[in-house]
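Visitor: Residue numbers (this note's numbering), protein chains in the order written: chain A, 1 to 416; chain B, 1 to 416; chain C, 1 to 148; chain D, 1 to 148.
Simulated from the structure, these hints should not be mistaken for laboratory data. Certain hints may be false.
[Claimed, not checked] Residues from chain C that keep clear of chain A, each with C-beta distances beyond 10 Å, as calculated:
1. Leu6
2. Val31
3. His33
4. Asp40
5. Glu41
6. Gly62
7. Gln80
8. Pro81
9. Lys101
10. Pro122
11. Arg124
12. Lys136
13. Asp137
[Stated by the list, open to error] Reference excerpt, derived from the structure (chain B facing chain C, CB under 7 Å, subset only):
14. Glu65
15. Glu265
16. His271
17. Ser272
[Claimed, not checked] Reference listing, derived: stretches of chain D covered by chain A, where coverage requires no fewer than 3 residues with Cβ under 8 Å from a Cβ of chain A:
18. 43–53
19. 117–130
Beta carbons: idealized from backbone N, C-alpha and C, even for Gly.
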Amino acid sequence: MTLLDVDTLRKDFPILERSVRGDRRLVYLDSGATSQKPYAVLNAERDFYELHNAAVHRGNHQLAEEATDAYEQARATVAGFIGAAADEVVFTRNATEALNMVAYAFSNATLDGGPDRFTLRPGDEILITEMEHHANLVPWQQVAKRTGATLRWFGVTDDGRLDLDPDLITERTRIVAVTHQSNVLGTINPIARIAQMAHAVGAIVVVDACQSVPHMAVDVGDLGADFVAFSGHKMLGPTGIGCLWARADLLAEMPPMLTGGSMIEQVFMDHSTFAPPPQRFEAGVPNIAQAVGLDAACRYLDAVGLQAIHDHEVHLTGLAIEGLNDIAGIRIIGPADLVDRGAAVSFVADGVHPHDLGQVLDDSGVAVRVGHHCAWPLHRRFSIPATTRASFYLYNDEDDVADLLAGTRRALEFFA
Amino acid sequence: MTLLDVDTLRKDFPILERSVRGDRRLVYLDSGATSQKPYAVLNAERDFYELHNAAVHRGNHQLAEEATDAYEQARATVAGFIGAAADEVVFTRNATEALNMVAYAFSNATLDGGPDRFTLRPGDEILITEMEHHANLVPWQQVAKRTGATLRWFGVTDDGRLDLDPDLITERTRIVAVTHQSNVLGTINPIARIAQMAHAVGAIVVVDACQSVPHMAVDVGDLGADFVAFSGHKMLGPTGIGCLWARADLLAEMPPMLTGGSMIEQVFMDHSTFAPPPQRFEAGVPNIAQAVGLDAACRYLDAVGLQAIHDHEVHLTGLAIEGLNDIAGIRIIGPADLVDRGAAVSFVADGVHPHDLGQVLDDSGVAVRVGHHCAWPLHRRFSIPATTRASFYLYNDEDDVADLLAGTRRALEFFA
Amino acid sequence: MNMETLYQEIILDHYRNPRGKGLREPFGAQVHHVNPTCGDEITLRVQVDEGVIQDISYDATGCSISQAATSVMYEQLVGQPLDQVWPVVEEFVRLIEGRGKVEPNEDVLGDGIAFAGVASFPARVKCALLGWMAFKDATLQALGKDFT
Amino acid sequence: MNMETLYQEIILDHYRNPRGKGLREPFGAQVHHVNPTCGDEITLRVQVDEGVIQDISYDATGCSISQAATSVMYEQLVGQPLDQVWPVVEEFVRLIEGRGKVEPNEDVLGDGIAFAGVASFPARVKCALLGWMAFKDATLQALGKDFT
Ligand SMILES: Cc1ncc(COP(=O)(O)O)c(C=O)c1O
Ligand SMILES: Cc1ncc(COP(=O)(O)O)c(C=O)c1O
């Protein structure tokens with residue numbers, strides 16, 4: 001196991017120098033919501049604006065050429081980062097938009113008489129899980145409503161694992177949409193196995209990789225999914241950018257969600273034809289500078305090494321779980337061990353509401369997230385309205401874990 | 001008429017210091033595609049990332065509070081910029097997404113049994129114009145296809161004005177979607193009058209204000225429209241952000257396009273309810289830093305003064321039209337006078353294809369755009385495949401116009 | 001702004017010993033409100049009779065702020081005539097949403113002024129208002145019934 | 001990269017005097033291609049007989065680069081046997097898409113090497129390839145017909 005030189009890495013993140021609530025050291029344990037950004041990313045965006053800014057794919061002046069090159073280079077870098085071909089990567093605003101794009105492909109194809117692979121019929125089933133983030137849940141409710149398909153889901157076991165009931169995957173299953181890593185439980189799901197089961201019945205596999213791509217090496221080939229969505233802002237990149245990866249043959253047939261400039265082939269007043277992918281899915285002037293920033297983020301992560309990052313996070317997660325288990329009245333929601341588990345640690349405290357716990361932590365300089373973390377049904381499954389979640393990234397260290405534990409103890413004492 | 005101190009303003013835009021094609025001075029006449037960015041905007045974004053970055057509306061730690069404040073302040077600033085209330089402004093990726101959001105409100109409501117005002121029936125008509133950008137054309141073709149409504153359009157006169165045939169607005173008209181200012185012709189359309197006619201028959205008015213909001217004072221109250229869309233990147237703001245303004249009562253009833261986190265009220269496995277606007281229309285972690293940058297852009301534009309900017313642009317437009325008319329073989333596509341006309345000047349040259357003209361201009365340091373500018377049907381109307389377009393903004397000066405004219409003469413000589 | 005300003009002793013007291021908790025009969029209207037950010041919920045009943053708030057009964061899950069704010073509300077409003085209730089509700093909302101810039105009016109608010117600190121923690125504003133908004137909604141419904 | 005590298009004399013000559021322009025009979029296949037960025041269009045016919053390109057006839061609107069590239073293609077390919085045509089097409093595409101990093105092979109390309117400069121102007125790549133792609137498409141269609 002390579003250890004990260006966190007002290008050195010932290011110098012790359014300007015925000016970590018600030019203090020909060022008076023003079024408290026900032027202990028940022030909310031990377032599951034959004035990550036902080038290194039200078040490399042901020043500088044890449046700024047250089048783009050100061051030197052090359054122009055609309056892409058549209059001009060033949062020098063700035064337009066340079067901007068187009070930078071944007072397409074970003075696509076190639078992101079594709080390389082996940083082991084994909086460049087033209088299989090579509091830039092979106094965030095992962096939510098990426099997942100909606102897949103969902104709309106199905107409802108639009110069904111309503112417009114589109115390609116068969118995207119057409120759903122009453123009786124067809126969409127299979128999701130009880131641990132999904134709302135982004136990979138609500139869009140499928142909409143698809144089901146619009147197409148007459150039925151929504152079904154895998155449950156979650158008491159220790160926070162997916163209850164992979166094989167009986168749920170049948171000839172009726174057309175779509176299996178599942179998160180790679182739960183943003184609440186930290187659970188890493190066996191996507192390759194699920195994909196195999198799904199493909200055996202001809203279903204399409206959609207993976208929400210928001211919490212995996214930033215934290216461990218993900219190769220879309222190995223994953224075996226058909227669609228993979230993730231967000232730039234959770235992987236050191238700017239806000240305002242996300243990605244959808246799709247298998248080239250599916251992308252080729254997939255109808256667009258948004259229409260307008262730059263995604264067309266020919267336009268007449270009464271009808272239009274659309275461009276090939278990825279252009280077909282990027283209507284209007286895109287989030288160019290954000291793509292350039294994400295390019296820099298991928299390079300940064302690659303330079304540090306995804307395996308080292310993952311190992312480091314698992315180490316911190318282990319310390320956090322151990323420390324929390326030592327505090328009377330704390331219960332962790334999610335796997336108790338470190339097997340197939342990422343760096344989100346959610347917990348509840350006897351007699352202290354997460355909002356209050358989070359407030360005391362905030363007062364101690366520790367930024368965690370409290371609430372249902374956009375996974376309300378999962379919380380209902382555990383009969384709790386909310387949890388407190390600490391999530392780690394490459395810039396966190398053992399001191400951060402210690403501060404989390406101390407703050408948690410302080411909260412329990414305060415409300416005792 | 002206040003004159004702009006362009007020399008001083010130019011110092012705020014770092015990119016204008018660079019040279020192109022060897023040592024040519026950059027003459028940027030492509031602001032119609034996207035504008036350049038002042039330090040104020042770049043610094044605002046960077047400060048956000050370096051000091052306050054966090055996910056909004058989701059955390060109760062200090063960074064999350066600060067980020068939420070910055071984001072909601074941006075909404076208030078943008079709203080103020082167009083004379084609207086803050087909760088009537090929705091942030092999108094670009095204007096294209098904003099227009100699609102309105103279009104999907106109609107098709108989704110129609111398909112899902114949504115509110116009556118958004119429901120279309122066969123026989124209903126959607127009225128657009130022949131001068132629309134693809135962004136305000138193709139989405140309406142999709143709506144027509146999905147709902148059975150009929151697409152109709154106002155034509156364009158030989159001198160590039162809207163042919164406002166009143167017979168087209170009838171009891172069947174449900175939506176009138178029109179551009180405030182043509183991105184090709186420069187024509188400014190009489191929105192208030194169109195809105196009056198449309199409202200008289202109960203139709204909803206959607207305005208594409210991409211080319212007006214950046215260049216002149218637009219007050220949504222005076223405009224009289226129901227929906228107004230525009231892009232941040234064309235008004236000195238970052239890429240990756242656009243806005244949809246809508247009348248509060250319409251927004252309250254409007255169904256969402258994208259679903260997922262942060263736009264919900266309650267989520268169960270099999271159904272969900274949605275939050276009130278504007279949250280209902282902003283699914284997932286939004287383009288936070290971009291909103292903050294757009295806030296700074298609005299403040300910058302306000303400080304310079306929209307009336308002064310507009311006057312300055314009209315002045316340059318007059319010089320360009322005069323100069324181009326003096327060159328034998330050049331024909332301007334669009335109004336020949338300066339009445340109700342913005343700063344886009346498109347033209348064709350006898351015997352020189354726009355691509356070649358643009359290439360010679362580029363070689364002269366002059367960045368213009370060539371092609372159909374995402375208004376293909378408009379070009380077909382004039383029986384031309386493409387035009388060369390120069391578009392001006394606050395940082396352009398008379399030297400820029402002179403260089404445009406010199407470069408154009410050079411091109412005509414080169415290909416003579 | 002530190003935590004102690006937020007968690008006044010009186011808030012902790014109401015949190016630990018909530019007044020008037022539980023659902024009771026009779027009631028003129030019942031509502032269910034949810035805080036979509038954290039999932040906190042309240043079911044609240046109001047009984048209005050002869051222009052006086054006869055009872056507010058409730059069942060809620062939530063943080064100390066939301067629990068205490070509802071408990072304080074119970075103490076403040078039950079037994080009050082409607083025309084004295086509205087100014088209190090209005091003033092409480094104004095204080096909580098005032099971002100720390102509103103001077104709390106003790107004459108109107110009584111114990112409610114203990115929540116002044118909440119105004120400096122925007123993420124907690126909805127917590128403090130959950131019960132109060134439910135009360136407003138329920139009372140308007142109850143009155144609507146009365147009038148028909 | 002300056003303009004003169006792009007607009008070689010030979011390109012301007014072909015642009016001013018396009019060879020083989022106009023639509024002719026007989027033809028084995030006809031295609032219509034469009035450049036979506038600028039709206040340029042070409043209608044192109046190919047006649048293949050006994051494994052030889054007998055004629056390429058076309059009607060096109062477009063810039064100097066697209067017009068000249070089609071004209072040069074006409075001169076290069078008409079009269080050639082198919083097995084000598086494909087290497088030329090392949091080499092031309094490789095050159096044009098080579099971003100200025102591909103050494104042009106004059107033996108294979110002939111006058112086609114005049115377009116080497118295009119490779120340094122990415123926005124013009126589609127212009128240079130419009131006619132060539134149409135030719136490839138039409139020829140494959142014509143052969144498809146032959147084979148069935
Ligand atoms: C008139 C008009 N409408 C719509 C658009 C689309 O804007 P965006 O590409 O930012 O979505 C543009 C600019 O490209 C425009 O000029
Ligand atoms: C598992 C998971 N899915 C989806 C999302 C949504 O991502 P975004 O808000 O960037 O669209 C998130 C993060 O919020 C997440 O953690």
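Visitor: Hint by hint, say whether it matches the structure.
Guide: Hint check:
1. Interface exclusion of leucine 6 of chain C from chain A breaks down, the closest Cβ pair being 7 Å apart, not more than 10 Å.
2. Non-interface call for valine 31 of chain C relative to chain A: holds, since the shortest CB-CB distance, roughly 18 Å, exceeds 10 Å.
3. At the 10 Å boundary, the C-beta of histidine 33 of chain C stays outside the reach of chain A, the nearest C-beta of that chain being 13 Å off.
4. The non-interface label for aspartate 40 of chain C is inconsistent with chain A: the shortest C-beta to C-beta separation is roughly 6 Å, within 10 Å.
5. With a least CB separation of 7 Å from chain A, glutamate 41 of chain C falls inside the 10 Å interface cut-off, contrary to its annotation.
6. Listed as outside the interface, glycine 62 of chain C is inconsistent with that label: its C-beta sits roughly 7 Å from the nearest C-beta of chain A, within the 10 Å cut-off.
7. With a least CB separation of 29 Å from chain A, glutamine 80 of chain C remains clear of the 10 Å interface cut-off, as annotated.
8. Distance check on proline 81 of chain C: its Cβ is at least 34 Å (rounded) from any Cβ of chain A, clearing the 10 Å threshold; non-interface status holds.
9. A cut-off of 10 Å between C-beta atoms confirms that lysine 101 of chain C is not in contact with chain A; the least separation is 20 Å.
10. Residue placement check: proline 122 of chain C keeps its beta carbon more than 10 Å from all beta carbons of chain A (closest about 12 Å).
11. Against chain A, the non-interface label of arginine 124 of chain C is violated: not every CB pair exceeds 10 Å, the least being about 7 Å.
12. Its beta-carbon lying about 22 Å from the closest one in chain A, lysine 136 of chain C satisfies the requirement of being farther than 10 Å from that chain.
13. The Cβ of aspartate 137 of chain C lies farther than 10 Å from every Cβ of chain A, with a closest approach of about 20 Å, so its non-interface assignment holds.
14. Hint status for glutamate 65 of chain B: holds, given a least beta-carbon distance of 5 Å to chain C, under 7 Å.
15. Taking 7 Å as the C-beta cut-off, the interface hint given for glutamate 265 of chain B holds, the closest approach to chain C being about 5 Å.
16. Evaluation of the histidine 271 of chain B hint against chain C yields a violated restraint, the C-beta minimum of about 14 Å exceeding 7 Å.
17. The interface hint given for serine 272 of chain B is broken, as the beta carbon of that residue sits about 10 Å from the closest beta carbon of chain C, more than 7 Å.
18. Counting residues of the region 43–53 of chain D whose CB falls under 8 Å from any CB of chain A gives 0; the rule of at least 3 is not met.
19. As drawn, the region 117–130 of chain D meets chain A at 4 residues by the rule of a beta-carbon pair under 8 Å; at three or more, the given contact holds.
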